[in-house]
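Trainee: Dock chain B against the given chain A, drawing on the hints supplied.
Protein chains: 2
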Amino acid sequence: MEKNGDPSHYLKPGEFESIKKFAENKKTPFLLINLKTVEEKYEELEKNLPYAKIYYAVKANPEPEVIKVLANKGSNFDVATVFEINSLLALGVAPERMSFGNTIKKEEDIAYAFEKGITLFATDSESDLMKIARQAPQAKVFFRLLSDGSGADWPLSRKFGAHPDVIFGLALKAKKLGLIPYGLSFHVGSQQRDIGQWDDAIAQCKYLFSSLEDADISLKMINLGGGFPSDYVQPTNSIEIYAKEITRFLKEDFGENMPQIIVEPGRSIVGDAGVIVSEVIMISRKSTANHYNWIYLDIGKFGGLIETIDESIKYPIFTDNQRQKQDLIEVILAGPTCDSMDIMYENYRYQMDKDLKEGDKVYILTAGAYTASYSSVCFNGIPPLQVYTTRL
Amino acid sequence: MEKNGDPSHYLKPGEFESIKKFAENKKTPFLLINLKTVEEKYEELEKNLPYAKIYYAVKANPEPEVIKVLANKGSNFDVATVFEINSLLALGVAPERMSFGNTIKKEEDIAYAFEKGITLFATDSESDLMKIARQAPQAKVFFRLLSDGSGADWPLSRKFGAHPDVIFGLALKAKKLGLIPYGLSFHVGSQQRDIGQWDDAIAQCKYLFSSLEDADISLKMINLGGGFPSDYVQPTNSIEIYAKEITRFLKEDFGENMPQIIVEPGRSIVGDAGVIVSEVIMISRKSTANHYNWIYLDIGKFGGLIETIDESIKYPIFTDNQRQKQDLIEVILAGPTCDSMDIMYENYRYQMDKDLKEGDKVYILTAGAYTASYSSVCFNGIPPLQVYTTRL
Numbered sequence: 001m002e003k004n005g006d007p008s009h010y011l012k013p014g015e016f017e018s019i020k021k022f023a024e025n026k027k028t029p030f031l032l033i034n035l036k037t038v039e040e041k042y043e044e045l046e047k048n049l050p051y052a053k054i055y056y057a058v059k060a061n062p063e064p065e066v067i068k069v070l071a072n073k074g075s076n077f078d079v080a081t082v083f084e085i086n087s088l089l090a091l092g093v094a095p096e097r098m099s100f101g102n103t104i105k106k107e108e109d110i111a112y113a114f115e116k117g118i119t120l121f122a123t124d125s126e127s128d129l130m131k132i133a134r135q136a137p138q139a140k141v142f143f144r145l146l147s148d149g150s151g152a153d154w155p156l157s158r159k160f161g162a163h164p165d166v167i168f169g170l171a172l173k174a175k176k177l178g179l180i181p182y183g184l185s186f187h188v189g190s191q192q193r194d195i196g197q198w199d200d201a202i203a204q205c206k207y208l209f210s211s212l213e214d215a216d217i218s219l220k221m222i223n224l225g226g227g228f229p230s231d232y233v234q235p236t237n238s239i240e241i242y243a244k245e246i247t248r249f250l251k252e253d254f255g256e257n258m259p260q261i262i263v264e265p266g267r268s269i270v271g272d273a274g275v276i277v278s279e280v281i282m283i284s285r286k287s288t289a290n291h292y293n294w295i296y297l298d299i300g301k302f303g304g305l306i307e308t309i310d311e312s313i314k315y316p317i318f319t320d321n322q323r324q325k326q327d328l329i330e331v332i333l334a335g336p337t338c339d340s341m342d343i344m345y346e347n348y349r350y351q352m353d354k355d356l357k358e359g360d361k362v363y364i365l366t367a368g369a370y371t372a373s374y375s376s377v378c379f380n381g382i383p384p385l386q387v388y389t390t391r392l
Numbered sequence: 001m002e003k004n005g006d007p008s009h010y011l012k013p014g015e016f017e018s019i020k021k022f023a024e025n026k027k028t029p030f031l032l033i034n035l036k037t038v039e040e041k042y043e044e045l046e047k048n049l050p051y052a053k054i055y056y057a058v059k060a061n062p063e064p065e066v067i068k069v070l071a072n073k074g075s076n077f078d079v080a081t082v083f084e085i086n087s088l089l090a091l092g093v094a095p096e097r098m099s100f101g102n103t104i105k106k107e108e109d110i111a112y113a114f115e116k117g118i119t120l121f122a123t124d125s126e127s128d129l130m131k132i133a134r135q136a137p138q139a140k141v142f143f144r145l146l147s148d149g150s151g152a153d154w155p156l157s158r159k160f161g162a163h164p165d166v167i168f169g170l171a172l173k174a175k176k177l178g179l180i181p182y183g184l185s186f187h188v189g190s191q192q193r194d195i196g197q198w199d200d201a202i203a204q205c206k207y208l209f210s211s212l213e214d215a216d217i218s219l220k221m222i223n224l225g226g227g228f229p230s231d232y233v234q235p236t237n238s239i240e241i242y243a244k245e246i247t248r249f250l251k252e253d254f255g256e257n258m259p260q261i262i263v264e265p266g267r268s269i270v271g272d273a274g275v276i277v278s279e280v281i282m283i284s285r286k287s288t289a290n291h292y293n294w295i296y297l298d299i300g301k302f303g304g305l306i307e308t309i310d311e312s313i314k315y316p317i318f319t320d321n322q323r324q325k326q327d328l329i330e331v332i333l334a335g336p337t338c339d340s341m342d343i344m345y346e347n348y349r350y351q352m353d354k355d356l357k358e359g360d361k362v363y364i365l366t367a368g369a370y371t372a373s374y375s376s377v378c379f380n381g382i383p384p385l386q387v388y389t390t391r392l
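Chains A and B supply the protein sequences, listed in that same order.
Residue 286 in our numbering is what sits at position 286 of the first sequence, and the numbering runs on without skipping anything.
Residue 230 in our numbering is what sits at position 230 of the second sequence, and the numbering runs on without skipping anything.
Take the hints with a grain of salt, since some may be wrong.
Identical chains share a label here; the pair holds if one copy fits it or two copies do between them.
[As the list claims (entries may be wrong)] No more than 35 Å apart at the CA atoms, straight line, and that leaves these computed lysine-lysine pairs for DSBU-like:
(1) K361 x K175
(2) K68 x K27
(3) K357 x K173
(4) K325 x K173
(5) K251 x K47
(6) K26 x K173
(7) K36 x K361
(8) K176 x K116
(9) K116 x K20
(10) K314 x K27
(11) K36 x K21
(12) K357 x K175
(13) K361 x K325
(14) K140 x K26
(15) K354 x K176
(16) K176 x K27
(17) K140 x K27
(18) K53 x K68
(19) K20 x K47
Hints in this document: simulated from the structure, not taken from any laboratory.
Bear in mind the structure is a predicted one, so any value in this text is a computation, not a measurement.
The shape of chain A in the complex, shown without the other chains (with noise of 0.2 Å):
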């Protein structure tokens, strides 16, 4: 049992019970993802942005279940590489709902997306530019931003995006190579809590539009990115004051003149539709006079929880017996393998059930997003994650 509230907190009335059942008998560990929370999180952003055009980001989970739900809900798709591409396509979506949104992109591959129908792709550099124009003749193309203030994220951030300066340049080439300038993208970061780094964000979008069209360039849309969050341990604020706020940003800055928006949720969409069983495979303790016990759990980092990483992700963790504080210890919580480095939670300490024991279910909930499609091949011989689709 986690500290912060129970699984009501996280789920919907019957659902833990639910899954318990679901549970029974099945050989842990493995992710069950109840589809009809993706359409609930869908229609949620939907309503709340009704203006935007909604690109499910493909890499948070490509399960082909959700991908036919969100394609059924009328989605649109953010793909990442030529091999989400094809699964698209392969499970029926037409081409011209996909925006190739990896600004890290092989020439052949562009060739390849375009020669199946995709039109729109980002960039943020001359380079994939020039391949673009090459491969790609007449294409829209978006300009990705790189984000400044993401705080704490920000060195890392810096992998995807260009500053405003390149970016006009970009515009002009793209332009003079018989591109259509389309747009402007950024991405706050995922899992953003500054509701503050989306003004920021618009308001040089707005500046890049005014100076564009004094040079003739005049852009249509802005990609919002991901960035909407899950429900983790840490609180956060919902999606409809997430939305509330953004609108009031682009109103300010566009007035009625605004274009047209994209945006890319992922995580916001599945997270919190997943939940991960795992199994209690042992509990230890390193010496007679330590206060918590170590438990090791039939998941961890390379399994599906590499999001742990730095315990940047503090997944809400439960397990049957939901106790009192006062039968509540610490515990270290760690995965199978035999690398050290696979312990999910050290610093930030758990709380669990004093009489736990091994075999014992555990319950990872809003997992649903970045876990089983970066799970290990088999390390430690270990599979992939399973997963499992239901409706609750």
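Mentor: Chain B in isolation, oriented as in the chain A frame:
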């Protein structure tokens, strides 16, 4: 080209040319394993520690061809899971040559291993010991000591092992339960540069051998674990020096009554035997004022280079053209996925040819250990790392 030397420092004469030839017209990325080097590394260790029984740590690289080559050489095998046991049995490795080295085991997995004929088990907790006693009666058990002095890695290495006072109790209990308290093990940490770490651990073993002798338990074996190095960017001592020092420590503590010695090399056997051949997807500058380039490869943290987390393992990296110092510039190396964490080296600046182009090949040396099996099953849709073997 990396600043520390050139490929000939890491490879045999002519080997780099052969690798380049092998890579012609092959789709990147892939890992190429030189089976001859695997054999040579095994022979070198055997020659330098003639009294030791070698148990290859399968997790380092479970490629069937590697296992077969080592099995033919007479190696034994340290296995982490029932999945590894099954793979090895399928390759014809006898169960008597396997040691179940993972201290985190499900009871059903112990039963399965024992039923298949494995009778040597690592343990470090009472609960695991009880499971072994129930499922593998009269098996040999060895007890893993917590490694105290592993310096910077200390907090992480606490995942495995127990303090001597706990081990002492476990040995007594094992005897009472009808098991054979057979020996001790420790692991000084992978790629351990400080040979003195073995001295401390061996002294601790001696202390436990003596105190258990007084309790009528006569241990027979010490498992020195792994930790022998591969040849990365930072200099290390040769296996010869490691072996000489470790032999001296053993003689100092045990004199003529040397116990049976086991070693569990993984990295030191296969690390040097592998090269990852990759391709430059894109080169970009983030602003017009930046002095360095971002080089994006078609392999990254999630495609097999997970040991670049925190830039801990620094692979020797080369390109086709070996330039002079004045033709090199500092670069940041990143992977192909849409994940901002997928950056290999940002603080440690590799140096590469000023005129490196997209499509050029990049050779990541000493990449035979902890790469292919770690790669994600389909993150961003990308398939796991392709593996080839050869003899050079």
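Trainee: It remains to establish, for every hint, whether it holds in the given structure.
Mentor: We went through each hint and held it up to the structure:
no. : hint        : result
1   : K361 x K175 : between (58 Å within a copy, 32 Å between copies)
2   : K68 x K27   : both (26 Å within a copy, 31 Å between copies)
3   : K357 x K173 : between (64 Å within a copy, 21 Å between copies)
4   : K325 x K173 : between (63 Å within a copy, 34 Å between copies)
5   : K251 x K47  : within (18 Å within a copy, 75 Å between copies)
6   : K26 x K173  : between (57 Å within a copy, 34 Å between copies)
7   : K36 x K361  : within (24 Å within a copy, 46 Å between copies)
8   : K176 x K116 : within (25 Å within a copy, 69 Å between copies)
9   : K116 x K20  : between (43 Å within a copy, 33 Å between copies)
10  : K314 x K27  : within (24 Å within a copy, 38 Å between copies)
11  : K36 x K21   : within (17 Å within a copy, 53 Å between copies)
12  : K357 x K175 : between (65 Å within a copy, 25 Å between copies)
13  : K361 x K325 : within (20 Å within a copy, 58 Å between copies)
14  : K140 x K26  : between (48 Å within a copy, 32 Å between copies)
15  : K354 x K176 : between (68 Å within a copy, 28 Å between copies)
16  : K176 x K27  : between (58 Å within a copy, 33 Å between copies)
17  : K140 x K27  : between (47 Å within a copy, 29 Å between copies)
18  : K53 x K68   : within (18 Å within a copy, 54 Å between copies)
19  : K20 x K47   : within (32 Å within a copy, 55 Å between copies)
Figure legend: structure checked against the earlier numbered hints; every hint is met.
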